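J.: Taking the hints into account, I'd like the entire structure generated from these sequences.
2 protein chains.
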Amino acid sequence: MKRCFLPLFLLISTISFAQSSLIEQARNFRKANEHALLGEFMGLLSIPNIVYDTVGIQRTAAYIVKMMENRGIKTQLLNGKTKSVPPAIFGEVIVPNATKTIVFYAHYDGQPVNPNQWAEGIEPFKSVFLDASLEKGGKIIPAPKLGEKINPDWRIYGRSASDDKAGVFSILSAYEILTKLGISPSVNIKFFFEGEEEAGSTHLSEILENHKEKLKSDLWIICDGPVHQSGRKQVVFGVRGDVNMEVKVYASKRPLHSGHYGNWAPNPAMLLAKLLSSMKDDNGRVLIKGFYDDVVPFTETEKKAIAKVPSVDEQMRNELGFIQAEGGGKSLVELINLPSLNINGFSSANVGKMAANVIPVSATAALDLRLVLGNDAQRQVQKVIEHIKTQGYYVTQNESITDEERLKYPLIARVQAQKGYNAQRTKMDLPIAQNVIKAVQSSTSEEVVLMPSLGGSLPLFLFEKYLATPTITVPIANHDNNQHAENENIRIQNIWNGIETYVALMKM
Amino acid sequence: MKRCFLPLFLLISTISFAQSSLIEQARNFRKANEHALLGEFMGLLSIPNIVYDTVGIQRTAAYIVKMMENRGIKTQLLNGKTKSVPPAIFGEVIVPNATKTIVFYAHYDGQPVNPNQWAEGIEPFKSVFLDASLEKGGKIIPAPKLGEKINPDWRIYGRSASDDKAGVFSILSAYEILTKLGISPSVNIKFFFEGEEEAGSTHLSEILENHKEKLKSDLWIICDGPVHQSGRKQVVFGVRGDVNMEVKVYASKRPLHSGHYGNWAPNPAMLLAKLLSSMKDDNGRVLIKGFYDDVVPFTETEKKAIAKVPSVDEQMRNELGFIQAEGGGKSLVELINLPSLNINGFSSANVGKMAANVIPVSATAALDLRLVLGNDAQRQVQKVIEHIKTQGYYVTQNESITDEERLKYPLIARVQAQKGYNAQRTKMDLPIAQNVIKAVQSSTSEEVVLMPSLGGSLPLFLFEKYLATPTITVPIANHDNNQHAENENIRIQNIWNGIETYVALMKM
Numbered sequence: 001m002k003r004c005f006l007p008l009f010l011l012i013s014t015i016s017f018a019q020s021s022l023i024e025q026a027r028n029f030r031k032a033n034e035h036a037l038l039g040e041f042m043g044l045l046s047i048p049n050i051v052y053d054t055v056g057i058q059r060t061a062a063y064i065v066k067m068m069e070n071r072g073i074k075t076q077l078l079n080g081k082t083k084s085v086p087p088a089i090f091g092e093v094i095v096p097n098a099t100k101t102i103v104f105y106a107h108y109d110g111q112p113v114n115p116n117q118w119a120e121g122i123e124p125f126k127s128v129f130l131d132a133s134l135e136k137g138g139k140i141i142p143a144p145k146l147g148e149k150i151n152p153d154w155r156i157y158g159r160s161a162s163d164d165k166a167g168v169f170s171i172l173s174a175y176e177i178l179t180k181l182g183i184s185p186s187v188n189i190k191f192f193f194e195g196e197e198e199a200g201s202t203h204l205s206e207i208l209e210n211h212k213e214k215l216k217s218d219l220w221i222i223c224d225g226p227v228h229q230s231g232r233k234q235v236v237f238g239v240r241g242d243v244n245m246e247v248k249v250y251a252s253k254r255p256l257h258s259g260h261y262g263n264w265a266p267n268p269a270m271l272l273a274k275l276l277s278s279m280k281d282d283n284g285r286v287l288i289k290g291f292y293d294d295v296v297p298f299t300e301t302e303k304k305a306i307a308k309v310p311s312v313d314e315q316m317r318n319e320l321g322f323i324q325a326e327g328g329g330k331s332l333v334e335l336i337n338l339p340s341l342n343i344n345g346f347s348s349a350n351v352g353k354m355a356a357n358v359i360p361v362s363a364t365a366a367l368d369l370r371l372v373l374g375n376d377a378q379r380q381v382q383k384v385i386e387h388i389k390t391q392g393y394y395v396t397q398n399e400s401i402t403d404e405e406r407l408k409y410p411l412i413a414r415v416q417a418q419k420g421y422n423a424q425r426t427k428m429d430l431p432i433a434q435n436v437i438k439a440v441q442s443s444t445s446e447e448v449v450l451m452p453s454l455g456g457s458l459p460l461f462l463f464e465k466y467l468a469t470p471t472i473t474v475p476i477a478n479h480d481n482n483q484h485a486e487n488e489n490i491r492i493q494n495i496w497n498g499i500e501t502y503v504a505l506m507k508m
Numbered sequence: 001m002k003r004c005f006l007p008l009f010l011l012i013s014t015i016s017f018a019q020s021s022l023i024e025q026a027r028n029f030r031k032a033n034e035h036a037l038l039g040e041f042m043g044l045l046s047i048p049n050i051v052y053d054t055v056g057i058q059r060t061a062a063y064i065v066k067m068m069e070n071r072g073i074k075t076q077l078l079n080g081k082t083k084s085v086p087p088a089i090f091g092e093v094i095v096p097n098a099t100k101t102i103v104f105y106a107h108y109d110g111q112p113v114n115p116n117q118w119a120e121g122i123e124p125f126k127s128v129f130l131d132a133s134l135e136k137g138g139k140i141i142p143a144p145k146l147g148e149k150i151n152p153d154w155r156i157y158g159r160s161a162s163d164d165k166a167g168v169f170s171i172l173s174a175y176e177i178l179t180k181l182g183i184s185p186s187v188n189i190k191f192f193f194e195g196e197e198e199a200g201s202t203h204l205s206e207i208l209e210n211h212k213e214k215l216k217s218d219l220w221i222i223c224d225g226p227v228h229q230s231g232r233k234q235v236v237f238g239v240r241g242d243v244n245m246e247v248k249v250y251a252s253k254r255p256l257h258s259g260h261y262g263n264w265a266p267n268p269a270m271l272l273a274k275l276l277s278s279m280k281d282d283n284g285r286v287l288i289k290g291f292y293d294d295v296v297p298f299t300e301t302e303k304k305a306i307a308k309v310p311s312v313d314e315q316m317r318n319e320l321g322f323i324q325a326e327g328g329g330k331s332l333v334e335l336i337n338l339p340s341l342n343i344n345g346f347s348s349a350n351v352g353k354m355a356a357n358v359i360p361v362s363a364t365a366a367l368d369l370r371l372v373l374g375n376d377a378q379r380q381v382q383k384v385i386e387h388i389k390t391q392g393y394y395v396t397q398n399e400s401i402t403d404e405e406r407l408k409y410p411l412i413a414r415v416q417a418q419k420g421y422n423a424q425r426t427k428m429d430l431p432i433a434q435n436v437i438k439a440v441q442s443s444t445s446e447e448v449v450l451m452p453s454l455g456g457s458l459p460l461f462l463f464e465k466y467l468a469t470p471t472i473t474v475p476i477a478n479h480d481n482n483q484h485a486e487n488e489n490i491r492i493q494n495i496w497n498g499i500e501t502y503v504a505l506m507k508m
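Residue numbers (full-length UniProt numbering), protein chains in the order written: chain A, 1 to 508; chain B, 1 to 508.
One or more of the hints may lead you astray.
One copy or any two copies: either way a pair holds, since identical chains are not told apart in the list.
DSSO-like, lysine-lysine: derived pairs with alpha carbons at most 27 Å apart [to be verified]:
1. LYS507 x LYS81
2. LYS353 x LYS419
3. LYS212 x LYS427
4. LYS274 x LYS330
5. LYS180 x LYS149
6. LYS383 x LYS274
7. LYS353 x LYS274
8. LYS507 x LYS180
9. LYS389 x LYS353
10. LYS139 x LYS253
11. LYS100 x LYS427
Hints in this document: simulated from the structure, not taken from any laboratory. Please read these numbers as outputs of a predicted model, since none were measured by experiment.
T.: This is how it looks when you write it as structure tokens:
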């Protein structure tokens, strides 16, 4: 047995040695060029990229095309059959003698922003440096001048700083460093930067279908999401699916004085509160009929991987400042592998200085359903709709309620659901999956966390469906990045680590 | 008995005749001067008067002072001991040989506005004419040119069009018409226009206390609120009290990605939904312990008056577009004579295009408690706080929650309550009350509705407390005026009727 191990050990060691020398070279190059690297990144962050803002999306895409051209990458904008939607940015590097082709994916669009919700002095698209996270009392500091040391614990705040311009930037920086070092990648590289991920990747399927040949590869590596909360790098083999719904309940046709009609006229905020309450018990378990049906159980390999995921529950509770989690005692890693129902937000009339003594006309909740393998997005939506009906509601999709409807039904809800998409999981024991694990492991001295599925979502099922190609996600952002919310940020060390991860993956 | 009735009948008839001749003269004057009257009113509406906007409040007060000076009324701004709060505008007209003094009250400040919630083309402080109410498909029409007939069913849209610049305007127009007609009022008249009513009249007590002598009178007549929903004029002898609260529940310190943490991290919107749900049953009955205690029952006279109030429940349900009222079958007039708990609005993160897939950090509800005779504002607030505690919450008044608190209590709510004020009721059988009823009745051919208490609130207890003077409310606005909300409006005929009512009251 010992003899059998020896050559294998040597082989790994060789790879390890080669890689760590590679990583060291990349690190040295980065250290000598940090200001230039961050300068390009700050430029990218300064361009508004809200997924629904066509002009900002076009400007962001143009900036990335320029970044790629500066690196000698031939680019092309890929469209589906639907016009006027954000294009994907494609680029290709053919490597002589390479036998495998890998597509590196990130997305350049960002979630909507409400600038009023951001901290003072921090604007979504005028990114700034802070000397620590806001939660740890971080303060805004001037951008480091040339020659000034850059503390890797500093953070950059701005929309998409982590989700997912950091992905675009780290992939392109990894490639640039290899080129500048004169090191040829070991695989053919394709770049694919999506522009509509935050709107649910509505037209991604069209783009994949339209450009099947061009996008042919052995694997898609997805750069999105955070590293493990323990701070360790992670390789993720799947994602939850996701579908958004909006539920709006109606009361009077016009807002009423809460004195003259309070106690008598129905209050839509109270109606919605009761409707939402009926959906989950006090432990956070969803009470909607059949909500947990259809779930495909984990394989043995996946179960073993999950058992090895370091527990971060207590650390996270302390960090996030609460002691009572949902789930009745189940762990975070268990719970993010179940379907979920989350209230993204709700609204009815006004609060604070704008509040007035009225009975509002309607109340609205934005819901987010996460799906696991086996769930179907529209089937899950339908379960929620059925639940709303069993609570006595007449459900319509129309925004304007007719007088006939108002005088026929005691309770009226408008429910609109997006298309959404299902969960996806790549088998952890595929040979190419093992190569990815080795490459990422070679770029760090800590044990890499192997995660069968992320709690978050990406439309990865599309790559299987339209291209029959597996996907593996290799995230880089700090876990406390406020992704999707106000005060989004990235820790600078995470950018540096991310670049090294992707250098290793391009040379795996 | 017949003989006894005869002189009384003759007397009433005489008053009626004198008054209707008065009303007729006033009406004719108004008809000849409608454009000029409305011109002055539109000018008043064009000045922002949000109670928290000091500059707007000062400009509004200056305009009203000018209106009064144009009518030959000597004015004075009355302050309490607190500086930089909206002053009350005072004016006085001494009538030779008059034995009674009446203070005519209205308020010139308005509720906050969220212009985005107003209908297209209608701005809170650029008031416009519509040819009908929005709910009945009304369209914006050009302001009537001189000589053009003004349809009394047209409406004017703008903040405070009804609440309560219409009050200020109608009182001053009634006085102006009497003067122009050369008719002397039968009572000494004092004008008192408050500037802080919509902020809960926080400093009114100081003003009353500071100017006790100046404000001496036999009666305050309050011009605020709507006529009865049946369209009939009403005389109102009391009001509910009112106190506002804000409840904010907290979860994570920072917003979380709903995929990576959904199902595990507590969701404040769901927590608040459950907390609010626990406050009322499905019939709208408040479940908070002791909520309905302390209520002083109606006198026999009041009960009789209530029995005579025309039922408008079905009419109002049809008009407002709902079939299921709160209250489990009790009538509107019964229910507005009970204490109430209304959600004025709630908010957590975002909905609609701004919604993002996050677990919000907090959720806030604005509550409005209406009080009836016997309730005490702070005692009622305390009952709500106790209820929140019994739901497992740690309750604090502080906006920022410390880490120690976060890691000690599973559920945390910040509750802030305003001072509020209690209900008030004037006895309907006072001789001066009977005079008011007669005067209002003389200005209309329909039977006047006598209402022991309005569902709405005004700080009328203060007049009893500081001046030992009764108050009677004589409202003029159309009931469907969207008071306090977006698209506030007044029907022009209600202005005309209101002026006639106040002409009669000044000559009662």
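J.: Next, verify each hint and record whether it holds.
T.: Verification of the supplied hints:
1. LYS507 x LYS81: Result: close neither inside a copy nor across copies, 35 Å intra and 78 Å inter.
2. LYS353 x LYS419: Answer is between; shortest inter-copy Cα gap is 16 Å, intra-copy 37 Å.
3. LYS212 x LYS427: This pair counts as within: shortest intra-copy Cα distance 23 Å, inter-copy 84 Å.
4. LYS274 x LYS330: both (26 Å within a copy, 22 Å between copies)
5. LYS180 x LYS149: within (23 Å within a copy, 82 Å between copies)
6. LYS383 x LYS274: both (18 Å within a copy, 21 Å between copies)
7. LYS353 x LYS274: Close inside one copy (26 Å) and across copies (24 Å); limit 27 Å.
8. LYS507 x LYS180: within (14 Å within a copy, 96 Å between copies)
9. LYS389 x LYS353: between (36 Å within a copy, 25 Å between copies)
10. LYS139 x LYS253: Answer is between: at 17 Å across copies they meet the 27 Å cutoff, but 47 Å inside does not.
11. LYS100 x LYS427: within (18 Å within a copy, 93 Å between copies)
Taken one by one, the earlier hints fail for this structure only at number 1.
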